[in-house]
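Student: Letter by letter, the chains look like this.
There are 2 protein chains.
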Amino acid sequence: MTQSFYSLDPQFHQQPFDGRRRVIIERVSPEIDGGRYPAKRVSGERVTVSADIYGDGADRITALLFYRPAGAVGWCREPMRQTVNDRWEASFTAGEPGVMEYTVEAWIDHFVTWTSGLRKKIDAGQDVSLELLIGAALVDAAAGRADGKDAMRLDELAGVMKSGQTAVAVEAAESSELERLMHRYPDRTHATRYDRVLPLQVDPVVAGFSTWYELFPRSWSEEPGHHGTFRECRRMLPLISRMGFDVLYLPPVHPIGTTKRKGRNNALVAAPGDPGSCWAIGTGDGGHSALHPELGTIDDFREFVRDADTHGLAVAMDIAFQCSPDHPWVKEHPKWFKWRPDGTVQFAENPPKRYEDILPIDFETEEWQELWMELKGVFLFWIDKGVRIFRVDNPHTKGFRFWDWAISDIRREHPDTVFLAEAFTRPKIMSRLARGGFSQSYTYFTWRNSKHDLQEYLVELTTTELKEFMRPNFWPNTPDILHEELQLHGRPMFLIRLVLAATLSSNYGMYGPAYELCENVPVMEGKEEYLDSEKYEIKAWDMDRPGNIRAEITRVNHIRREQPALQQTNNITFVRIDAGEGREHDMLMGYVKRSDDDANVILTVVNLDPHAAHSGWLRFPLEAFDLPHDHRFRVEDLLSERTWEWDGEWNFVSLHPGSMPAHIFKVILQP
Amino acid sequence: MTQSFYSLDPQFHQQPFDGRRRVIIERVSPEIDGGRYPAKRVSGERVTVSADIYGDGADRITALLFYRPAGAVGWCREPMRQTVNDRWEASFTAGEPGVMEYTVEAWIDHFVTWTSGLRKKIDAGQDVSLELLIGAALVDAAAGRADGKDAMRLDELAGVMKSGQTAVAVEAAESSELERLMHRYPDRTHATRYDRVLPLQVDPVVAGFSTWYELFPRSWSEEPGHHGTFRECRRMLPLISRMGFDVLYLPPVHPIGTTKRKGRNNALVAAPGDPGSCWAIGTGDGGHSALHPELGTIDDFREFVRDADTHGLAVAMDIAFQCSPDHPWVKEHPKWFKWRPDGTVQFAENPPKRYEDILPIDFETEEWQELWMELKGVFLFWIDKGVRIFRVDNPHTKGFRFWDWAISDIRREHPDTVFLAEAFTRPKIMSRLARGGFSQSYTYFTWRNSKHDLQEYLVELTTTELKEFMRPNFWPNTPDILHEELQLHGRPMFLIRLVLAATLSSNYGMYGPAYELCENVPVMEGKEEYLDSEKYEIKAWDMDRPGNIRAEITRVNHIRREQPALQQTNNITFVRIDAGEGREHDMLMGYVKRSDDDANVILTVVNLDPHAAHSGWLRFPLEAFDLPHDHRFRVEDLLSERTWEWDGEWNFVSLHPGSMPAHIFKVILQP
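Sequences listed follow chains A and B, in order.
By our numbering, the letter at position 228 of the first sequence is numbered 228, and the numbering carries on one by one without gaps.
By our numbering, the letter at position 334 of the second sequence is numbered 334, and the numbering carries on one by one without gaps.
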């Protein structure tokens, strides 16, 4: 178990010190915390690497980006181009899931310096006969580095440059052939290599674009009121799939403790027959690597996963590293827990609150290595059963270094795994979990409701350093969180939050049955918990209940599938919408997303007010597409299937919350 | 010769990996380029170190700042306090010039966590008898770590806590005595140390506060028209000292080459008797470690330096690593230069321009190690003659890595040395030189003239990362640069730029005789060079010429000496001055500087318009001093010696360029 989880090539970045390396390479980006953590991309995504590169004096520089799958023999190279203010950049495409690495090399290019000086001297009418001999020496040296035919040709060109026939010599010196050959055999003797090789975590595509549906399998018995099974729950798979979801997330499916079991609505004492919270894990039947007997067998589970897969649904497992007092680990590994002077195990508490049905694991145990292996083994167990996506419960209450190690270790063998961090906590802790390897993160989206708050949050997520490693997954609800906005404003607000989650973030999800049905009754006023929460009881949902929004969810999800621009998050730009008199509209919010090749441009406009219609003037940023302010173009609302011709940058928009409170426009800029 | 120039203690920051270290320490500040370069302070200056520190879960943390002179045995410690957003900080005072180092350690503090839980449980009326036993075990463990009396006392207190008498036990548990003792013997078993020890360059005080006067000794013969000597120039020392300067900077004083010597006004051919540019260094009489024979002997120079010192003036030497074709190095070390095919040495050029009197040194020479030793030897030679301050000419055209090495190597033996980088080049290169060890840097101040440009530049210098390592030295003129603003607007503009340089930056300087006399004639329109530049000829200055601003310079310099707030640069805040109708004034600029203890507060107001009087309403930021908006206070103009009573934050100011175009107010906030 080691602290550094990327095996780099120490030979490469430990150049012996040589004072003749005149080029400085600094501030390579992306570089997270000085290279301690990887930036993240998904397979096929572009990775643009930039750096400050400069030398002393006025000599010209050539710079290369080096990249490869970590540990591969040899490097791929890409020439870097200078942008502004001594910044250089180049790009490559993220390959298969796994770790890649990249670094930068640059050197004073005497040949390029020389040719540029030659031209200036000629233009100034200076005698260049001596210059040509200086250049010929550079070409001779390149011939020495070259092979076969190229060496011979360089020899010949050097000869011409030394011929004394100025016109012919200059022609040879400035020929594109010589430029190409010299570029092929550069003098890298005094090249500087950036002193770090930086890691890149390449995740599977689903880590960057995913649509999650959460359900409790136990509520899907074919006989209402009974405990559901995986077999019975399989009938839901085609329905969920048809709605356009691709990840099916199951809360914990393990045996549920009986000691101190919670009753309905979180009652301290369970009534007979209460099924308990599935987050109180472990009984004599087993712990994190067992199934709740009433759900079925491991074979049933395997089949469920396979069946889901045939419907395009990846099953996501909930990993909650905490134990009921009945969990086998308590007896088998007593040192993994804290014991109190009265001989009982310390339960979870947040004084003065006590959670006696839950025992936290002591990450300071002297047996931490055994503990880590066992916990990692839980992931491996379910990977073996076909699971690749894990939603990790409260990772911020377990050791950060455990996650660093476990995730990178698991990904080494199983680079197609995806880990979603369910941490609703302070910003720096959320960032640290993402840096530690989690592929996706729950966010504060639920609590960002005004236009100002939403825009500010998206700008933070998509334009600061966070964009390099923290992939948001937006959830308008969870079994724990029914936001007041949904409680108060019902169906129109469910539609608003649906469109926001689905179009602001390429990863989004919902606690499905409750969301589809616009379930909005809290356990009490001022609380975010559901009344009669499914966490503590088996529900029988009437999925065809009037007012459900299945059709709208389905439509939005299919739009996401068809429009590549909605399959990224960091490609967002907010647009201005005026209410009149140059005043920014409070309730209408708009944003553009564009695919990398600009072939797909989506403009979403949302009316944030669940009670009133609003209209305003929207400014489409034509200049960002190099189009004139008076350009004529077309927008097709993919929700209503209506089309408008827009004439220039400012256009009228109007949205009523009664029907669909949003437009998702496909923008067709060229006829 | 090695790349890392700070010898750190590898034992310290290479903790063996232990998964039980639950605290994360990140983003320690200041940390320049991931610890590659030191932050800078001067002796006696406060160093505030901050870091993101947090653990998993809700347990409490204790954090310590560690610091010491680099390589010392043992560390000094300072407890860190939590500010906001998981940020912690603590301070220490920079000691003697040299390198210091600092790092951070933090751990989950189970005792602090326990006491805070105990109080909450008591307040909630819970039974705490078991809790007291848990706490007693922590106290017992501390007793085991403690010595003698403290161990006995901890034992006793643990006994009380175990006594079963709840009231007495709680009193002991919450006693300040126990808190103090537990703080003295913390359990650091699983403490996290930040994975880097960070360097701090501590410079002598003069690096942070200095007032430079530049003169050419050869112009100060007692017989006008003759070549001046060090002996003759000594009569200037009391005059310059009385004006309030503390650094006397001499352009190169070495033998001046004769081959391709430049004539007056930079003529390509020198006339007989032309003294040449003192930056064309080296003849048969010697090079960088020799004196121009006409200036005097090494003993004369030593005496000059000593005499200057008795007048409170440190002599700053110009180090320009370039050679005239007559420099001894050309023969002794031919490999340090580039040779052309015709057997001549490559001169300096910027095609199509040629500088045939100057040979650049080839920093790619295979003899780079010998070269570096020799160049470093030049500094050591003059250090031996009493010089401690070096103004380095065009350091950006020499190898960056040479400066890194040379400056740190010299400072190891001579930590009281100061290096000023004379680089007027691109921003990232200026920053890199400062990071490489230069104590002070020339800046773009000369070319920042409007209120907007000045404010923006100062904000960049004093609030971005630059503030940690780049100390600006503001020069309103140099022998090379007579800005158009000075050319066009004469004396009023000389006064404006004087006050700006002297009060915006704690380090400032002037090419003295020309500035005192408001010399403002360029060699030709559109050029920044002086007509009849002293660089190419011996001048005879009439220092009593009418219109000189010696009195004003003297006054400003003495104000700087008396007001500690003006002896720092990063302590600046700009204030709002309105022209009326809420419109920011274009021409009146104001800024506050305050000493660390707030005992000294200076408000400078400058009229940037050399032709017209301006008045406006200035808002003094009383809230920054925790004073009400209607607070009454007094301002004394240290230039005019007039005093005003100000009533509240908004106050009228009016400045005429004819007399003094500025106020330097001492602000007396409390009667």
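Heads up, a few of these hints could be off.
If several chains are the same, the list does not tell them apart, and a pair holds so long as it fits within one copy or across any two.
Here are the simulated DSSO-like cross-link-like pairs (lysine-lysine), alpha carbons at most 27 Å apart as the crow flies [stated by the list, open to error]:
hint : residue 1 : residue 2
1    : Lys353    : Lys428
2    : Lys331    : Lys353
3    : Lys451    : Lys353
4    : Lys353    : Lys338
It is worth saying that the hints were derived from the structure and are not from the lab.
Student: Determine which of the earlier numbered hints do not hold for this structure and return their numbers in increasing order.
Tutor: Violated: hint 3 alone.
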